[in-house]
Structure formats: structure tokens, C-alpha cells
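S.K.: Line by line, the protein sequences give chains A and B.
One point on numbering: in this note's numbering, the residue at position 150 of the first sequence is 150, and numbering is uninterrupted.
Quick note, this note's numbering runs 1000 ahead of the 1-based positions in the second sequence.
Hint data in this document are derived by calculation from the structure and do not stem from the laboratory.
A few chain A residues that face chain B, going by a derived Cβ cut-off under 7 Å, partial list only:
| id | residue |
| --- | --- |
| 1 | Met213 |
| 2 | Thr242 |
| 3 | Glu278 |
From the three backbone atoms N, C-alpha and C, an ideal C-beta is built for every residue, glycine too.
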Amino acid sequence: MKRIIVMAVAIVSIFTYACKKEETTPVSETAGLKKVQEMANDTNTVEIYTTSGALQLGYNDVYLRIRDNATSEYAKDAAFDWMPLMHMMSMTHACPKSQVQKVAGKETLYKGYLVFQMPENASERWTLQLKYQTGGNSFTVEDTVAVPNSTRKRVTVVTGTDSKKYIIALVSPETPQVAVNDFKVGLFTMENKMSFPVVKNFAIDIDPRMPSMGNHGSPNNENLSYQSADSLYHGKLSLTMTGYWKINMMLKNADSDVLKGEAVTEENEASSLFLEVEF
Amino acid sequence: MRRIGIMLWICLLSAGFAGAQDTLPDSLFSVKLGEVVVSSKPLINYNKQSKPLSTLEEYLEQTSRVSMVKRGNYAWEPMVNSMSSERLNVTIDGMHIFGACTDKMDPITSYVDVSNLSEISVSSGQQGAEYGPTIGGAIDLSRTKHDFCNPGWSGSVDMGYESNANLFTAGAAVKYIHSRFFAAVDFMYRDAGNYKAGKRITVPFSQYTKYNLSSTLGWKLNDNNTMVASVIFDRAKDVGYPALPMDVSRARAAIASVQHLVENIAPVLRSWETKLYYNNVLHEMDDTKRPVVPIHMDMPGWTSTYGMYSKIKAEKGRHDMTFNLNAYYNQSKAEMTMYPKDTAEQIMFMYTWPDVRTTYAGVFAQDRITWNQQHILQYSASAGFHRNTVADDFGLNSLRIFYPEMNAGKNRVVLGANTSYTYRRKNMEYNVAAGYGQRAPSVSEGYGFYLFNSFDRYDYIGNPNLKNEQSIEAEAGITYKISKLKTQATVSYFHILNYIIGIPNPDVLPMTIGASGVREYKSLSAVNMVNAEWSVEYKPHPSWKTKAALTYSYGQDKQRQNLPLIRPFSFRMSLAYRIKSLELELAVDGAAKQKAYSKAYGEDLTPAYAVLNFSAGYMFFIEDHRLYLRAGVENIADTYYSTFSDWNNIPRRGRNFYVNISFAFDKKKVVKE
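Chain B extracted, bound-state conformation (with noise of 0.2 Å):
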């Protein structure tokens, strides 16, 4: 009896949690300065997605800090303040993936879905350092959570359909709850078409196919330790990247993890978690379906990480500390095989990334320390080991054509610290962040052999010489509210030094065929950039809801150079209405000319442009059972436009009619409602 006693109280408890959780976003207080929760538990949430069954990458889409470059209707690599994937450290809980694409064609947001996950968290800067070093942020895709709490049965059904490129998507996840165990099964299966931009012109070579399959299980080995086995597989094939002049074949991932984790141990320690992980990307690049290329190439890339990390969190008195521990070992393999027209000839083969081994060591620590509520300093500290092999002679040798000199292997210490101070008073909260922060060079970067980019029409070569990026930040926020508003401005400032880009090198002449010419990874002495966000809510009655986010990014080298992929002035602004179960939304997304594009990169000038997007949802309970309907219009005007970040100006989608529906049913015997 007492046991269950305890048992119920722990499940209130984490029920309490959860529902604060829930509130978390809309919440004054709760977000870290520059953090921003996109959605709490489930991710796939009727009420407040406008279209629910969206991609992983339409969800990170509406976080106003983050924005997507797009190679086709798939895979869109997210970028944070304006700065990419080698930036960033993007993480499947704290887990490292690395996509195995030379390319970029698979940011490891494209080998999870919502279907798998319950939040999505972007920090920016220097706190996001936790799992890694970082310079710009980092985006960390929680996996679904399970409790013991409210044994029975439980799942879902999702449909979804949208008319511009017939997309299909279908999914089903049951779950099962015991008192001591849990198991969760979910999948998720999108098929699409060619898409169509504004004025009904089709884009060629956008379709793609994914399945993605993922499973948890749990044990409560006692009331404090619990231990989650999870897995992820995911596989997406005949994938068009109209941006590119390749396509892929097959992309997957087998993403395994076991973790163990201990609360309450003591009154001080509050959680000790550890988790083990392994994952394996496969990615195939294809140009078989396109009809005209001047010599076939078949471009195979696979990377393995195996890794681990270790946290404790710790609270003493007015202290609130974390300590990370986190290391991972990994592969990174890609090759190029061109098959001349001359069939008697031999075929020519080269390594573009010469099997290189990554290990890195890390520890990170925090402590945030909260005074009567008003006033909150936080400080964080980073160190790492970090260093590549080359493990292939063939691509050792290969490299050294470049730099005679190299050694296979190669060590780097990199190091991270954050401080920031958050004053609250009556409705107002203040923030002022200052970090520090270097990261290694990413295995393109440092050993990247004749990657071409469509985008400034270069072949690519990797310098393993190169020093360690480093960035210096700083971050100051305003909030202010009030029972109906609320309004909060952010400008962050990134002063980057060895920033790692491309730099001519007019004596080196082009593999790839109608390339203009060789760029070498070199470093800039320094680039500014500077990212500034206003929001503003406003709830005039409980049933209307407007919403508007503004943001302007800035970023140029010593020269006042302009640098690429920089985000030009952005807006997004929502008008919702509610009513008992319906719900309806009218949204405009839009952007300022991109005037300043970087030419030597190859962009041009953007045009603006705003589209009109338009929903309604509407929920019927059957019993203790849920039916959701949600349809809606994207683009109703049907423009043609693309933004700053549509590799080769790819126009995005025109006008989408769609609906999405679910049923969840539920079994559970409910402790608590």
C-alpha cells in the first residue's frame, strides 16, 4: 500500500511537471535568454500546430531563430543565427550524428520525424555547448518521454494529405504502460510528387519516400533507476534535390541508444544520467534519373559514431548545477567513382572524404544561481580533446598532393565558456549574455577531397591545417508582460575569429566538369555577425490570438565583405480564433530584399515576398477517445518566390491544400486527470 502510495505521489508529481512543461512556452520566465522550446510534449500537437503532421524541418521552420537552406522538398539543413550545420551542434538527445553526405544533403534533422519526438530545443551560441563545442547554437531533438504513470494501452493513427506534390503520410504509434515497464512503437511513412511553386510550375526532381521507424522501451528497476533502450530506423529513397545535379538513391540511419538513469540520490544530487549510443548513416547519391550529365558518377558516403555521455544535475541552496561528461568516436567515409563514356577506359576513383576518424573527450559544467527569483547568474565552462586520423593511406596520400607536409593524425583542445545575468522586476525581465567558444573544423573543412558546390560553382578542398574557429558573443534580451502581451527583443553579436571558408586558389584547376575553379578552406582573421529578433503576443479576448516576430540578421568580414546565407529583414505574423473545438489561423510569412548577398559566393539579389497561409482545426471527443481534423491553405495567393537560403534560388511551394487527421485512442487506467 505504501508503495503504491509512493507510486501515485511520483506520478502526480511528474504529471504536475509535465503539465508545467506543457505551459513552459507561453510562460514569462521559463525560457532561457536565446532559448527557444519550439513545442513540449508530444510534438505532433493538435492545438497548437497548424498543420501537425508538418516535417521536422516545417516545425523548426517557425522558430524564428532558425532558417532552412533548401537543396529540394527534403532534408532542409537548419541553420541558428544565421550560421550551418558545422557551426552548430545538432543532436538527437545529446546523441551525435553526422550525416553522411558530402554534400549536405543529409543534415541529421532529415534521419528522425516529429512522430519521434516531444521537443525540439535551439539555443543560441555558447549555450548550447552542453553536448559539444559550438559557435552559433545548438539544436537538440528530444525523443518522446515516457513515465510509468497511468498503465494501459494507448496510440495513435495519423493521415495526412497535401495536393501540391501529393504528398501521402501515414503513421501509427501504439504504447503500452506497465507499472515497472514501458514499450512504445511508432511509425511514419511520407510519400510525395514533384512539388508545384507559385503559378502551378512544377518542379522536377522533388519527390522523396521516407519511412521512419522507432521504438522505446523502458524498466523501472526500482524507484529511482530506470533504464530506456530506444531505436530509431529511418530510410528515405529516390529523393530528388532539384537545387543540385544529383539526386539520391537511398538514405539511412539506424540510430540505437541505452540509457540509465537515477533520481534523487541524494538531496543533492538530483539526476545521474547515462546513455550509450551507437548510429551508422548510409547515403547514396544518384544521377541516373537525370537526363542530361556530363560523365555518371555514383557518390556512396557512410559515417558510424559511437558515443556516450554523462550527466549529473546537482541542487544545492540557491545553486542549480549540471555536469556533462560526453565523448563519441566516429567514422566518416565518402567516395566518387565517375564512369568514363569509354567503357574500355578505367574507371576513375577517388576518396572525397579519405576515411577520417573523429574522437572527441568533453566535459562541460554550469551553475545557475537564483536570488529571491529576481535575479538569476548563470556561468558554464567546456574543454575538449578532439582529434582526426586519416585511416586511409590511399586518402592520406591523396591529400597530401595539397599538403605534403600533413600527418595523418591531428590534435585539437577546444574550449567554451558562458556566463549571463537575467534580472527580473514586476513585468519587465533584462538578459545579458557573454560566452567564448572555438569548435574543431568539420571533416569537409579539414579533409574534404574536390567537393563540388552548386551553389558558388566550386570545388572544395579540406586543410587540415587549419586553427580553430573561435567565437566571441555577446547577447542582450528585453520581456515585457502583461496579462494580455507580451513583447521581448533579443540582439545577439557573434565576432568570429579564424572564421573557416572558402578562399580561390586561381593555380588549382576545377575537377568537377563546369566548375569554376578551386576553393581552399582557409581562415578569415574575423567576421561580425550580428542576429536581432522582436516578438510581440497579444491576446485581445480568449478567443483571438495575434502573434508577430520580426528579424533581421547582419554579417560581414573585416573587408565588409558580405558573407553568405545571411538572413535578410524576416516577418512572420498570425491571427488566430478560437471557439470551444475549432480553431482557425490566417499567417503571413514574408522577407525584405536581400540586398546584402554575398556575389563571391554565388547569390544574387532576393527578392521580397510574403504568402498567406491559412488553417482550421477542429477536435471531436468520442468518448474518452480523440478524433482531430485539421486542413488548411499555404501560399492561397499561389506566389512564386524563393528566400535567401534556396540553394540556387529554387522557388519554393506555391499554393497547398491540406488535412491532416488523427485518432488517438487510450486504455490507461487514469491515476489523475
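Same shape as in the complex, but just chain A (with noise of 0.2 Å):
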């Protein structure tokens, strides 16, 4: 009896000591992510995650790691200057994004957002140069990156009564609740073809209505307002059912001037400015 009491003891503490041990291991990096493709060149092979294992139109989290192809090491110095392209018939431009950095508590990933804000067709497509430095040595990978068209509005390209052309994104939610959603959207003006500076200080109005459902609305949103920590804009979304929403807005600069987007009435039943959820 008590011979059996202490092998199980032992059996007990082995495994216990165990499983203590593989809590040590380091957490996988890429935990949560998945895999969109790989660039390579002679030296290192990027990989780009992201949560779905896709790149998508509007706004996207994108998450880097570079491979030393000899040794299979990630890089933990890495900096990135990164550049995506859309190679249209007639001209090529960049769109919004934001710089590269180490993802807090990681040791070789590195994270940023680009906003996609037209999808490919079978004669342009979107390519992303990606340059860096690490060891000391800088380099560059670019290939294509497949950005397929969404079913439903997540970014919109418009021109504002001052003229210049404002893109609005969809960040969250990405996984839209019956409840009162964060919100948040990214809001950039075009410079010029290469630069999409994010817009501060604006405001957006937000109406979410279910056009399939004679145009009703919800309660207790909260429009959207400007913040400085990600440089995004905030506000709460209430989604009372399931189903397709859109969220009417309206755009209002610093003075609340409005550059775009009307208000929903019982004569006007939609917005020229919206974006759109379905869940």
C-alpha cells in the first residue's frame, strides 16, 4: 500500500515537473496568426501573418517575421520601411499605412496596418516591397499580394466638400457583436499618389441602419472622435440584431463642417458615406 502511494507520488511530481517545464518554453511567436505567404531572397525569407491567413480590402494587422534562410533563425534587430503598390493600367499608388515595430513581448515579431483601399482584378495587382535591416545589412523582398474584393463596404475612398480625398477604413469590430461594439476607424487624406497621411481631430457622425429590415436603427451609438494613443477614431456601435448593417456617416472637420455624408431621414434612406458589417 504505501509502496503504492509512493509511486504514485513520483508518477504525480514527474508530471508536474513536466509540464512545468514545457511552461517555460517560450509561447509560440505567431500564437493566434496565420500564415499569408512567404517573400524570400538569398538571405533571409520573410513571413506575413496575419489573424485570417489573408490579406483583405480596407484595413488589415499585419505581422512580419524574418528567417535567415542558413541558419533558420528569426531576426530580433530587424527594422522595416515597407511600401505597398497598386499597379493600375494607367498609374501606381501606395495607400495608408502605418510604420513597422516589434510587437510588445515578442522577440521576432513585428507588426503594422496597411488599408487596402481598392481590391485587385486579373490586370492590377497589388505588390509589396518590403526593405530592412538587420545584422547590420540592409535588404528588400517584394512580391505580389492578393487582395480580393469584400462582399460588404469595410473601406471607402470619397472627396470632401474641401476637395481632397479622404479614405475611411473599418478596424473593429472584426467580429461584430448584438451589443454595443467598439468602434474604430482610420481616417487618411491622399497627399499625393504615395502618401496617405492619417487625419487628425475630425469628427464622424455614425447612423448604423439594416436597410433589409425597413431601415431601422439602433440606440446608443457613439459617434466616432479622434485618438491620439493609435491615432485612430473611436466611438461604440450598437447592433441590435444580427445581420447586414450599414452605418451611415457623416465626415466634419476640425471647425464641424461637414465634407461629406448626409443624414438619415425618412426621405433620404441612406448616406452617400457609409461602411458596412454583416454577421
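Dock chain to chain to rebuild the complex, using the hints, since each chain is given by itself in its own frame.
M.R.: Set out below in C-alpha cells:
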């Protein structure tokens, strides 16, 4: 009897030890992410990740890792500069993007966002050029990336009454709930074909509606306002049921002049500025 | 031998008691103030009812305190003192059951049938608080009680036909009694097409089909102990609701209970009755048969309730006491799924009742003191604990759109008290009563999410922060009886604080297509309601009997705005002639113009009306068996009318010829006749 107890204790402690040991090994750097594609040169392979495993029209959080082709080690000291480009028949342009920065708490993972404002088609494609430094050397990789069209409007490009072009992109909710959702939107303006800086201190009024159900709305939404912490616009989006919602918007500058969009009324069932969610 | 002697004695006693009960409604001082016993055993009574195979709703409507909200020809919603479901305690043999429809299309009275019942007791105000908190009163539907006397087989077959709506009714009941056990089964089937309102105008979508099966088993454990198990299965299908935008494809309930009764425990303890019960209701709305719908939707609802009560009756000297401990746990859930015309689009889904769990436990105590059969003082008190929890996170998050701070759970304490005094002198009886009561909000009032009310055309949003509704009530009554004449007048007054009602919120857009806006449940600081009735019964000759009853109600808030669904001045008169086995009855039903209507809640002026009904009955005896025949005409003049409580002014039935036939057989060894 005694022997059994001793053995049991021994087995339990071995298992406990084993488990502990496993816990101390670093959690996978890319947990929760799916690989979109790899881009390689002679020295390195750059792995591109998103949460869904694909790039999509509109806002994308993009994660990057650099693997040494020879050692399979991942770079911990990288610095990135990236340039997404749309190669249209008539011209080439870029899109709104952030800086690439190391993800807090990770050793080899880097993150930034890209806002593709138009989808690819048979003859017009997006490429992504990544310039990076690691180990004191500079490298470049470049390849086409797939940005298919979306069924619902996650990004919109409009011209305001101030004759400037604006890009508005849905950041969150990524998975909308029947609830009050944290609503985040990116607002950019097009300075030229290659530069799309963040627009600060504007305001976006929102009015979510269900066009398939008598165009009813929802209560207790909170209009979007600029937050300097992440350079995005934050608000609250109430969705009272699942289905297709059209988020009608009015873009206002710092003086509260309406640059784009109209109020939804009995006569006017939608704004010319809107985003869509469906779940 | 001695045992048989005791049994015989008990049977005689109970037969005597039953006999006394039968005569209860006719005797002067039997009915407690404000309590109306519609009928005694059995409910299908060919001697007392002009249309014995009436639906339960038609039975209920015959009492002056009760009025019915009609949304069609099926599942009418009872109101007592002009107050409906959420302000009433509607129970079946003390069991709590909750309708599974968010739009009140299935009041629990729709899940039983008269064939199951022996008695309906209607209590006014706090006199109905025995099985749980109430404001307006209570309706308790008592199932048929069986005894262990007169062993043998008995049964009946019932058939009915009504020309209007082509209503066909068929039922059967069989009972076997042994000295130690009994078994009873009854079945009722009702099938109706569209009815015709007055002037032969067909009301489309007013059909229904209903099956009801009920069974009771009893064991006599010993002379004092009995166990009774009982089940009811009720199923309605293809039920039209012409006053509503949707019909019902299926409504079903399963109601089960086990009861233990100990009698004559000690000289003081007269009886101790304990019941455990469970019931389950499913209700599925359907709009597929409607020619035009803005959007097709499914709206199923479910409730299940586990409950118990334990009730002790005691008497000592002048005191006659009742103690009741009762508790239940209810789960109510309802969904709404809408199908967009563009089938590529995601379906729209929401919880209209977000899986609300209600736990209630309460105690009730009552003492009735009688002096010299002249003075009766009765007082009672109740206290209960009530808890709601939203069990579904999806639903909780939906409600938090309106109430960001709300918690999943909410506890309440619900209190009540009542006292009454009766004084009898010669041919007179005087009553006064006063009471205080509270109730918790109903599931819809607390947690409903975009519930469309097709009457005022508003979407309703529940409010979990509502205070308990409170009522202060007073009642007075006077009765005079001599051999040929009985007359009774009662008046009741309710001052209701924190009166729960939907208040428009102009800032919120409605969800339902075509709705006028959104109302959120809020509390009105105070409303006043008065109900008065006067009845007279006169028998100038043993063959002749005439009855009349008048009722009047009033209901306004503090700003003197009318409350909805307040009954206008109404009357009912009848003249009956009886000779041997033949009975003829002529009756008039009517109401004055409803001037005090509530425009804000979608009401309009309901014109005055009066309808004339006639019935004839005959009873044959074939040896020990009985064959009853009843026929009659309702609404002889084929008047087109609607009452104040007809949803969206839906017209009531026009002329209707009916015939009811019942055959009752008895193979009992009669102990005493």
C-alpha cells in the first residue's frame, strides 16, 4: 500500500515537473496568427501573417518575421520600411500604412497596418515591397499580394467638400456582436499618390441601419472621435441583431463642417458615406 | 367490517361536502368578498351552463369580474378588475405556468380545457395572493378532484357543433374507481374554421385546432394519506390570430404534477398538501400563410417551470388558518429570426426574451376568525424572494445596448397583506377589505427586447431597473338575500404605485417595419382604478329565474389620462324557464359606449352594443345513464360589434347556432344516493 502511494506521488511529481518545464519554453511567437505568404531573397525569408491568413480589402493588421535561410533563426533586431503599391493600367499608387514596429512581449514578431483602398483585378495587382535591416545589413524583398474584393464595404474613398480625397476604413469590430461594439475607424487623406497621412481631430457621426428590415436603426451609438494613442477614431456601435448593417456616416472637419455624408431621414434612406458590416 | 364502516362514513361525509359545494354559488354567505366561483364540479355542467362544451374562455367570460382580451377566436387573455396577465396570478391547481409567447398569444388558460376542470376561482386583489404576488387578483383553475368512493366505471362522450366557424367539438372521458386507487383520462378535440362576424362578414385567419389530453391517477396509501399524479398535454396547431400580424403554427404544453395529501392529522391540523410540478410550453409563431408580409420571420418561444407548494390548513376554536409555502424556478426564452428578401444576406437574429431565469420562493399565511356565524375577520400576509437572471450572454449584451450598467441578476423582495371583515345580520351581509401588495415586473417588462405591440404599434423594450409595482386597495360589498331575491353590490378601489407601462422614447428608432416608435417600460408614479358591480337574481316562481349584472370600471393616471383596456359600463341579463327536464334561457349581453379610452395606447371609441342569445336544454334518463342535449343560438340578431378589449377592434362572432350532446354512463356501485 505504502509503495503504491510513493509511486503515485513520484508519478504525479514527474508529470508536474514535465508540465512546468513545458510552460517555461516560450509560447509560439505567432500564436493566433495564420501565415499569408512568404517572400524570400538569397539570405532571408520574410513571413507575412494576419489573424485570418489572408489580406483583405480595407484595414489589415499585418505581422512580419524574418527567417535566416541558412540557420532558420528569426531576426530579433530588424527594422522595416514597407511600401504597398497598386499597379493600375494607367498609374501606380500606394495606400495608407503605419510604421512597422516590434510587437510588445515578442522577440521576433513585427507589426504594422495596411489599408488597401481598392481590390485587385485580373490586370491590376498589389505588390508589397519590404526593405529591412538586420545584423547591420539592408535587404529587400518584393512580391505581389492578393487583395480580393470584399462583399461588404470595409473601406471607402470619398472626396470632401474641401476637394480633398479621404479614405475611411473599418478597423473594429472585426467580429461584430449583438451588443454595443467598440467601433474603430481609420481616417486618412490622400496628399499625393504615394502619401496618405492620418487625419487628426476630425469627427465622424454614425447612424447604423438595416436596409433589409425597414431601414431601422439602433440606439445609444457613440460618434467617432480621434484618439491620439493609436491615431484612430473611436466610438460605439450598437447592433441590435445579426445580419447586414449599413453604417451611415457624416465626416466633419475640426470646425464641424460636414465634408461628406448626409443625415438619414424618412426621405433620405442612406448617406453617400457609409461602411458595412454583416454577421 | 369496521374499516368499511369508516370508509362509508368518509364517503358519506365527502358526498355531503361535495353536495354542499355544488350549492355554494347559490347560497348567500358562501362566497368570500370579491371571490366568484364560476362553477363547481364538474365544470361541464349541463344543468348550469347554457353551452356546456364552451371553451374555457367562454366560461371565464361569464363572470362579471373577468373580461377577455381577444386577438382572434382562440386563446383569449383574461383580465380581472381590468388588469391582465402580468398583474394577475393565473395558476392551474396552484401551479405556476408561463406562456411562451412574447405577444401574449398563449395565456395559460389556453393550455387547459374545461374537460379537465371542476372549478375556476376568481379572487380580487390581495385575496388572490396565496400562490404568489399579485396586484389585480387571481384565477385558479382547479382540476377535477376524484375520490375513492362509489367504485366502478364511469365516463362520458361529448359532441358539439357550432354553425359559425364550423366548430366541431368531440370529447371523451373514462374513470375507474377502486377503493384504493382511481384512474381518470379525458380527451377533448376542437376544430374551427374562420368565423363570421355579424352581417356574415368572414374574419380570415381565425381558425384553430386544439387537442387536449389529461390523465389523473390516485392512490390511497391509507385512510389519511393520498397521492395523486396528474398530467395534461395540450397541443394547438394552425391557430389564426386575425388581429395580429402573425399566426401560430404550434403551441404545446406538458403539465405534470405529483401531490401528496394528508388529512385529519390531528384535531388542529386538518390537512397538509404538498405538490411538486413541472411544465413545459413551446409556442411557434408563423407568418407563412399571410399573403403579404414585409419580412418573413420565425418567432419561437419556450418556457419551463419547476415548482412546488406545501400547504397546511389548520383550525382551532374560531380560527381557520392556511399556511402556504411555494416556490418555482422558471426559464423563459424567445427568439426572432428574420429572413431578408436577398437570400445572400445573413439572416437577422435576436433574443426577444434573453433566457431569463426566475426564482421565486414565498410564504403566505392567513387566519379567518368567525364569531357566532355573524362576524368574520380575515387577515393574511405574504412575503417572497424573487430573483431574475439573464442566463444568455448574447441576450445580456443586447439588453446592455439600452442599459449599459445592468447586471445579469436582480433580486427583489415582494410583500403583501390583506384584511377583511364581514358582518352578517338577518338577510344582510356587509363586507369591507383593505390590502397592500407588490409584484415584480414580468419577463417582458423587465427583459423584453423589441416586442411589437400591434395595438399601439410600438416596439417595447424591457427595463431591468423597474421598481416593484405596489398596490393599495380597498373593497366594500353589501348583499341582501330573501327566498326569491338575491342582490349584491361591490366596489373596489386600487391605488397603484410605480405602475408599469410603456412610455415612448422618441430618441430610439423602432425595429418592426411599420411601427410608430419605441416604448420603454417605465413606472408611472400612481394610477387609480375603480371597479364596481351590482347583480340581482330573482326567482318569482320555481320555474322562472332572472338574473342581471352591471359592471363599471374606471382607470386613470395622476394626470387624469385614461389607462388602456378599462372596461366601460357593461351589462348581462338573462331569463330562464325550467320545467321538468327542459330548460330555456334567453340572455342579453351588452356594453355602453367606451368613452374613456386611451388614444395614446392605440384605443379608439368602441360603440355601444347588445347581443341576444337563446338556448334550450333537455335531459333524458336511460336507466342510470344520462343523455343531455343542449342547443341554442348566440347573437340572434347577427349584430356586428366589437368590445373594448378586442385587439385592433376585431369584430366578435355573429349569429351562431350550436348543439351539444353528451352521454354519461355510470357503472358504479352507489354507496349513497
